[in-house]
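A.B. asks: Sequence:
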Amino acid sequence: MTIKRYELTDEQWEQIKPLIKTNKMGRPPKDHRIMLNAILWIGRSGAGWEDLPERYGSWKSVYSRFCKWRDDGTFEEIFNLLGEESDLENLSIDSTIVKAHQHSAGAKKGL
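In terms of the working numbering, the sequence shown has 39 at position 8, counting the first letter as 1, and numbering is strictly consecutive.
No wet-lab data here; the hints were simulated from the structure.
Below, a list of computed lysine-lysine pairs in the DSS-like style, where the Cα atoms sit at most 25 Å apart:
hint	residue 1	residue 2
1	Lys48	Lys99
2	Lys91	Lys35
3	Lys99	Lys61
4	Lys91	Lys55
5	Lys48	Lys91
6	Lys61	Lys91
7	Lys55	Lys99
8	Lys48	Lys61
9	Lys91	Lys52
10	Lys35	Lys61
11	Lys52	Lys99
12	Lys35	Lys48
Quick caveat, the model's predicted, so the values are computed rather than measured.
Using the sequences plus the hints, can you model the full thing?
C.D. replies: Here is the structure:
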């Protein structure tokens, strides 16, 4: 599989794959990796659901899967797993990284 911008590597996918549940009944779902990559594309690009590239399939299907995984706790499990391995020793957020809007500093409004 060719890795495109914003998509999981094979190593990352192998780490997450066991946490994604598959229903035993009904029609087989679209590939979980494609769905997760589509959700990551939305999150990382900041685009709206309707702007999802066609290679991921219907944005409605991706949105439905996002809602399912959000509601059943799949995302929480993934974040907890990945959070266990994070190195927070050098984590730093300050005003050089997070920029406030000019109006929060008292600038004139309406310009």
